[in-house]
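Participant: Listed here are the chains, written in short residue letters.
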Amino acid sequence: MTGAAALRETPAAGLLARLSLGFGFEAAESWGERATYHVLELFLLQYAVRWAWDWAAVIGTLTRIVEPRGLARDIDLGGLVGGASALVIAALISACALALACGRSRAVAASSLVVLLHVQYVLRHSLGKVTHGSQFVGVGLVMLAVSALAMPSSRSRRRLALVGTRLFIGAGYVCAGLMKLASTGPSWVDGRHLALWISETGIDWLSRAGHIELNALQRSCLDHPALATALLGLGLFAELSGFLLWFRATRAGAAVALIGLHLGIWATLGIRFDSFIGLLVIIGLPLPWFFDRLHARWHRAGSRNV
Amino acid sequence: MNALVGKHEPSVAPLRERLARRGLAVLLGTALAHAGLVATHRGEFWPFSLYPMFSRAGRPWTRALVRRIPQDSLSRLQPSYPVAALPGEGLALDALGIPQNDLSSIVQRAEAPGADARAAALELLRELPCEAGPFVVFGVRGALTADAVSVSAVPVLTLTCDAEHAIAVAPTDVAAR
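These protein sequence lines are chains A and B, in that order. Using numbering that gives the first Met the number 0, the letters of the first sequence map in sequence onto residues 0 to 305. Using numbering that gives the first Met the number 0, the letters of the second sequence map in sequence onto residues 0 to 176.
Everything labelled a hint here was simulated from the structure, so no lab data went into it. Don't take every hint at face value.
Said to hold, decoys possible - Below, in silico cross-link-like pairs of lysine to any residue (SDA-like), each with a Cα-Cα straight-line distance of 25 Å or less:
{"id": "1", "chain 1": "A", "residue 1": "128", "chain 2": "B", "residue 2": "14"}
{"id": "2", "chain 1": "A", "residue 1": "128", "chain 2": "B", "residue 2": "140"}
{"id": "3", "chain 1": "A", "residue 1": "128", "chain 2": "B", "residue 2": "13"}
{"id": "4", "chain 1": "A", "residue 1": "128", "chain 2": "B", "residue 2": "49"}
{"id": "5", "chain 1": "A", "residue 1": "128", "chain 2": "B", "residue 2": "32"}
{"id": "6", "chain 1": "A", "residue 1": "128", "chain 2": "B", "residue 2": "60"}
{"id": "7", "chain 1": "A", "residue 1": "128", "chain 2": "B", "residue 2": "25"}
{"id": "8", "chain 1": "A", "residue 1": "128", "chain 2": "B", "residue 2": "37"}
{"id": "9", "chain 1": "A", "residue 1": "128", "chain 2": "B", "residue 2": "153"}
{"id": "10", "chain 1": "A", "residue 1": "128", "chain 2": "B", "residue 2": "51"}
{"id": "11", "chain 1": "A", "residue 1": "128", "chain 2": "B", "residue 2": "151"}
{"id": "12", "chain 1": "A", "residue 1": "128", "chain 2": "A", "residue 2": "181"}
{"id": "13", "chain 1": "A", "residue 1": "128", "chain 2": "B", "residue 2": "55"}
{"id": "14", "chain 1": "A", "residue 1": "128", "chain 2": "B", "residue 2": "38"}
{"id": "15", "chain 1": "A", "residue 1": "128", "chain 2": "B", "residue 2": "54"}
{"id": "16", "chain 1": "A", "residue 1": "128", "chain 2": "B", "residue 2": "84"}
{"id": "17", "chain 1": "A", "residue 1": "128", "chain 2": "B", "residue 2": "89"}
{"id": "18", "chain 1": "A", "residue 1": "128", "chain 2": "B", "residue 2": "118"}
{"id": "19", "chain 1": "A", "residue 1": "128", "chain 2": "B", "residue 2": "74"}
{"id": "20", "chain 1": "A", "residue 1": "128", "chain 2": "B", "residue 2": "41"}
{"id": "21", "chain 1": "A", "residue 1": "128", "chain 2": "B", "residue 2": "36"}
{"id": "22", "chain 1": "A", "residue 1": "128", "chain 2": "B", "residue 2": "130"}
{"id": "23", "chain 1": "A", "residue 1": "128", "chain 2": "B", "residue 2": "145"}
{"id": "24", "chain 1": "A", "residue 1": "128", "chain 2": "B", "residue 2": "39"}
Chain A with its partners taken away, still in its complex shape:
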């Protein structure tokens, strides 16, 4: 027996081999799976371009980095705030996105886009406040980049981008749930905490819009702590179940639960996670099946017309 063969037969190596084959990077790809990948790619790229320009508008008004984040902690990026530098970066990001959408120089375009968007993010958030609404789109863009860099064929590239995006988003939700348990413990679900957050986001609305009006669900949560506790419990359970996005059999159920979580956050705290919901629809719901059915119907209709 050769050394390599012996290694392949150890339990850990066998598990890794089964795991890697389970991803099916070389497996046949249906029309619907390919269409789903293109929907994901366009979804990620339009957010990248939109945020690049939105953030550039804010960066142009700043004069210095108050609190460095990410790469700005390692490299002095102070020269890029104010002036037109951020607009140039936004233009470069748009060019990279266009190249990717057209399938030109994928590896270079995708990796440049990720680095440039990281720089844009740390400049925009250099006043101290970090937001997380763009994180999952960023993870998807990273997967577009690494799959373009590493995989030798279009089919395996598309498969890795989809599998990786699903994997890291699922892990992200689990991590968010574990952080809650680690930072607060099981009492995190206490309904009074939701009342505290509702009052906090109420002040945010007052500050941003000049007025505040609680909706029926918010009032119910404030009046009935047990309802608030139940909602927090369901939310935490949905987050901890994020890993179920990894498996075909449980994927759609987990996606629906997580979409429900985000709709609940929107209704109770007024915070919208549009990009998260969009990503869950694309990577979690059975879009490939839907597109395949649509394709088959078109095909049949076309055959009849001929």
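Assemble the complex: chain A is given as a structure, and chain B must be docked to it using the hints.
Facilitator: For chain B alone, kept in the frame of chain A given last:
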């Protein structure tokens, strides 16, 4: 199935294994990069994060609220107000293009705002028309009491016109104390 390897059936299995291993290596490498970057950058290296939002439940919070107040009220600011009894009229920050989230972040990091917090606030409020003021930035603080949420507002910064009619930021007497 054989689109990648043509008609050479015997080479399918090694190719499949190679692709599978490469894919797994990429996923593991990305996970390691995620862990390493987050560990060395205080939990955040966009787009990688530990996703700590809403993880610390029950902690008191502080958010920013800006109000235009009468000139003669500036010298008579109280240490604390109920939100329903704040002096002056509220500013809608969205309409002025001022990112409220960033302003709140500055206010909550500075109990008595030092030079850094004042400079950061000036970055955000530079475009405020100072002639329309004076303005006061309140730090609105919320906390859980036995079975309710208590909310009160503390005047933190004053925004007035300087000699060149630009906005000037200073700590209120209350915050300085």
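Participant: Checking one constraint from the list: CA of residue 128 (chain A) to CA of residue 60 (chain B), max 25 Å. Satisfied?
Facilitator: holds, 14 Å
Participant: Residue 128 (chain A) and residue 32 (chain B): Cα distance at most 25 Å?
Facilitator: Since the Cα atoms of residue 128 (chain A) and residue 32 (chain B) sit roughly 24 Å apart, the hinted pair holds (cutoff 25 Å).
Participant: Within 25 Å, alpha carbon to alpha carbon, are residue 128 (chain A) and residue 118 (chain B)?
Facilitator: Judged against 25 Å, a Cα distance of about 15 Å means the pair holds.
Participant: Residue 128 (chain A) and residue 151 (chain B) were given as a pair; does the straight-line alpha-carbon distance stay at or below 25 Å?
Facilitator: Cα-Cα ~22 Å, so holds.
Participant: Hinted pair, alpha-carbon criterion (25 Å max): residue 128 (chain A), residue 54 (chain B). Please report holds or violated.
Facilitator: Holds, at about 16 Å.
Participant: Would the hint linking residue 128 (chain A) and residue 49 (chain B) be met if the CA-CA limit is 25 Å?
Facilitator: holds, 16 Å
Participant: Given the hinted pair residue 128 (chain A) and residue 140 (chain B), is their Cα-Cα distance within 25 Å?
Facilitator: holds, 17 Å
Participant: Does the structure keep residue 128 (chain A) and residue 130 (chain B) at a Cα separation of 25 Å or less?
Facilitator: violated, 29 Å
Participant: Assess, step by step, whether the Cα of residue 128 (chain A) is no farther than 25 Å from the Cα of residue 14 (chain B), and give holds or violated.
Facilitator: The hint is violated at about 47 Å.
Participant: Would the hint linking residue 128 (chain A) and residue 55 (chain B) be met if the CA-CA limit is 25 Å?
Facilitator: Distance of about 16 Å is within 25 Å: holds.
Participant: Hint check: residue 128 (chain A) vs residue 51 (chain B), CA-CA at most 25 Å. Holds or violated?
Facilitator: holds, 13 Å
Participant: Decide if the proposed pair is consistent with the structure: residue 128 (chain A) and residue 39 (chain B), CA atoms, cutoff 25 Å inclusive.
Facilitator: holds, 19 Å
In summary, the numbered hints that this structure violates are 1, 3, 7, 16, 19, 22, 23.
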